[in-house]
Amino acid sequence: MRSEYERRGGWSWITQVISGLLLIVLVGLHMIAQHFIVEGGLRTYQDVLAYVSDPVIFTLEILFLVVVTYHALLGVRSVLFDLGLSEAQERRVTQILVVIGLLTIGYGVWLSLYLIGQA
Amino acid sequence: MSWQITYKIKRYHPDQGSRVDTFQVEIEPERTVLDGIELIWAKQDRTLVFRHACHHASCGSCGLVVNGVEVLPCIKLIQDATTDGGTLEVEPLRNFPVVADLVVDMAPFFERMQLIGMPIVGPTGPLPGQEPDEYTAFENCIECGLCLSACPVVATDSKYLGPAALAAAERVIEVSEGRLSDEVLAAVDNEHGLWRCHAAFECSEVCPSNVDPAGRIMALRRRMTFERLRRLVGAKG
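From first to last, the protein sequence lines stand for chains A and B.
Numbering-wise (the working numbering), the first sequence opens with residue 374 and increments by one.
Numbering-wise (the working numbering), the second sequence opens with residue 317 and increments by one.
These are computed hints drawn from the structure, not numbers from a lab.
Worth double-checking, as some hints may not be accurate.
Said to hold, decoys possible - Label pairs and their calculated CB-CB ranges:
hint: 1; chain 1: A; residue 1: Leu476; chain 2: B; residue 2: Ser474; range: 41 to 47 angstroms
hint: 2; chain 1: A; residue 1: Gly393; chain 2: B; residue 2: Ala369; range: 56 to 62 angstroms
hint: 3; chain 1: A; residue 1: Ile391; chain 2: B; residue 2: Glu427; range: 31 to 37 angstroms
hint: 4; chain 1: B; residue 1: Glu427; chain 2: A; residue 2: Arg464; range: 21 to 27 angstroms
hint: 5; chain 1: B; residue 1: Arg335; chain 2: A; residue 2: Arg381; range: 41 to 47 angstroms
hint: 6; chain 1: B; residue 1: Leu545; chain 2: A; residue 2: Gln419; range: 42 to 48 angstroms
hint: 7; chain 1: A; residue 1: Leu476; chain 2: B; residue 2: Cys375; range: 52 to 58 angstroms
hint: 8; chain 1: B; residue 1: Ser374; chain 2: A; residue 2: Gln468; range: 36 to 42 angstroms
hint: 9; chain 1: A; residue 1: Ser451; chain 2: B; residue 2: Gly445; range: 32 to 38 angstroms
hint: 10; chain 1: B; residue 1: Pro413; chain 2: A; residue 2: Arg464; range: 52 to 58 angstroms
hint: 11; chain 1: A; residue 1: Val398; chain 2: B; residue 2: Leu548; range: 45 to 51 angstroms
Where a beta carbon is used, it is the ideal one built from N, C-alpha and C, also for glycine.
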């Protein structure tokens with residue numbers, strides 16, 4: 374359609390859509406695994422330890438954590454940008470949200486690995 | 317049979333600030349909101365400033381916010397806007413600088429159109445393979461600015477290109493592949509361009525000419541998304 378020009382933005386929207394679609398699948402799997410196939414609807418502490426120790430479950434739950442964090446914080450970013458921030462403020466908001474996201478994911482991964490160590 | 321209507325009109329004068337004036341108007345329900353404003357101007361207050369020309373939704377100059385919704389008062393019937401004994405709260409368009417009373421400076425609208433090259437697209441009718449029922453065209457745009465007024469993103473991002481300009485860009489691409497220059501595409505494919513839209517669809521809701529700007533923005537987004545993905549995998553196109 375054309376030659377070259379500077380593209381700005383866009384990937385955030387595209388990845389928001391993709392992560393939204395992934396969430397439908399991952400939330401579904403999470404709900405089924407956590408609640409619908411468990412006798413009584415809730416696991417005991419020991420059951421949870423065994424559950425997260427399964428490499429497939431661990432991978433799926435971490436993927437869920439990453440996707441939901443990315444999707445949620447991107448939504449928060451979009452809402453905050455609607456406040457009419459300056460470009461410098463927008464950059465700062467993005468930086469802060471990236472840090473929050475990394476801390477959230479880091480804590481989730483650490484907690485899961487800690488629980489696996491307790492199994 | 318006439319109805320008794322209360323007009324609450326937002327007034328503004330650079331030297332006097334803003335206020336709301338109330339006028340009682342006796343008017344037939346089949347007449348328009350603009351007719352009522354003209355009656356007020358003719359019989360009650362000759363200082364009321366408002367803009368109009370054609371009286372039939374062709375010039376796009378009379379756009380207002382009536383009871384919170386963007387309308388062309390020249391085609392908005394009294395009976396469709398309120399009831400007998402009801403009130404019409406009349407304000408100037410949002411997201412535009414107010415010049416006086418109900419008149420706004422349309423420069424933000426035309427500056428955005430200028431940014432994408434003020435494309436003049438001749439009437440084409442439905443494109444090949446396009447059903448007449450699906451046919452909506454930017455050529456129908458009367459440049460009334462209602463879409464910019466209703467858009468919640470324009471209200472928060474002054475750099476946002478806005479519905480009309482993006483709809484025009486999509487129509488140019490649709491009618492003639494590749495006519496947009498890199499400069500224009502940079503303005504459209506931009507964080508303040510088509511990606512900024514929150515899909516509130518207010519622009520399409522208030523558009524008096526069935527241009528469907530929101531649908532156009534979504535079409536432009538699909539087009540740009542597929543093109544980016546094609547480029548990502550190295551496909552030529």
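These are the hints, each one checked on the structure:
1. A:Leu476 - B:Ser474: 41 to 47 angstroms: violated (33 angstroms)
2. A:Gly393 - B:Ala369: 56 to 62 angstroms: violated (46 angstroms)
3. A:Ile391 - B:Glu427: 31 to 37 angstroms: Check passed, 34 angstroms falls within 31 to 37 angstroms.
4. B:Glu427 - A:Arg464: 21 to 27 angstroms: Check passed, 26 angstroms falls within 21 to 27 angstroms.
5. B:Arg335 - A:Arg381: 41 to 47 angstroms: Given a distance of about 43 angstroms, which is inside 41 to 47 angstroms, the answer is holds.
6. B:Leu545 - A:Gln419: 42 to 48 angstroms: Since B:Leu545 and A:Gln419 have Cβ atoms about 46 angstroms apart, the given range 42 to 48 angstroms holds.
7. A:Leu476 - B:Cys375: 52 to 58 angstroms: Holds, at about 57 angstroms.
8. B:Ser374 - A:Gln468: 36 to 42 angstroms: violated (50 angstroms)
9. A:Ser451 - B:Gly445: 32 to 38 angstroms: Holds - the Cβ-Cβ distance for A:Ser451 and B:Gly445, about 35 angstroms, lies within 32 to 38 angstroms.
10. B:Pro413 - A:Arg464: 52 to 58 angstroms: violated (29 angstroms)
11. A:Val398 - B:Leu548: 45 to 51 angstroms: violated (22 angstroms)
Hint violations for this structure: numbers 1, 2, 8, 10 and 11, all remaining hints satisfied.
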